[in-house]
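Chemist: Sequence:
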Amino acid sequence: MKSNNSVRLMIVGDVLFTTPYDTNLNQRGLEAISPEINKLFSVSDAIIANLESTLPAEGFISTQPRVFGTAQQFKSLKQAHVNVVSLANNHTFDALDSGFKKTRSKLDELGIHSFGAGTNLEEAQKCASFNVKGV
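Counting from 0, one number per residue, gives the positions in the sequence shown under numbering that gives the first Met the number 0.
In short, the hints are calculated from the structure, not lab data.
Among the clues, some could well be false.
[As the list claims (entries may be wrong)] Subject to a maximum C-alpha distance of 16 Å in a straight line, what follows is the list of computed EDC-like cross-link-like pairs (lysine to aspartate or glutamate):
#  : residue 1 : residue 2
1  : K132      : D107
2  : K77       : E122
3  : K105      : E51
4  : K74       : E51
5  : K100      : E122
6  : K101      : E51
7  : K132      : D44
8  : K77       : E108
9  : K74       : E122
10 : K77       : D107
11 : K101      : E57
12 : K100      : E57
Build the full structure now, drawing on both the sequences and the hints.
Modeler: Rendered as structure tokens:
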């Protein structure tokens, strides 16, 4: 099916949630972005970001830094209209396989597509495919 629709695509670099997940400090997600960036995001049809955070789980890697986000911070991705994330980075498995699975489950729950990592090679090589404005 041929479409004459145009799609405004935005590709964003690293999204790194900065507040340690196990503290009571105010947590910063994408709701803290500037009004100018928020305006850019609002006119995009699809936003792809590199998610440099994972949800915490029972275990974690022994090296530092480890980058953990919270469920609320992950919800801020959806609030900022991010609809696709790359997981092909060095923090995806900071909470080992269980944290990775928890992260992917939360992204699925939020309706955010992901690509670039998996529990096996076939999953890791799978593309994110989705429809935007008939394209």
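Chemist: Would you mind marking each hint as holding or not holding in the structure?
Modeler: Hints versus structure:
1. K132 <-> D107: violated (21 Å)
2. K77 <-> E122: With Cα atoms ~23 Å apart, K77 and E122 exceed 16 Å; violated.
3. K105 <-> E51: Since the Cα atoms of K105 and E51 sit roughly 15 Å apart, the hinted pair holds (cutoff 16 Å).
4. K74 <-> E51: Holds: K74 and E51 sit about 15 Å apart, inside 16 Å.
5. K100 <-> E122: holds (12 Å)
6. K101 <-> E51: Holds. K101 to E51 sits at ~15 Å (cutoff 16 Å).
7. K132 <-> D44: holds (8 Å)
8. K77 <-> E108: holds (11 Å)
9. K74 <-> E122: The hint is violated at about 24 Å.
10. K77 <-> D107: holds (11 Å)
11. K101 <-> E57: holds (11 Å)
12. K100 <-> E57: holds (12 Å)
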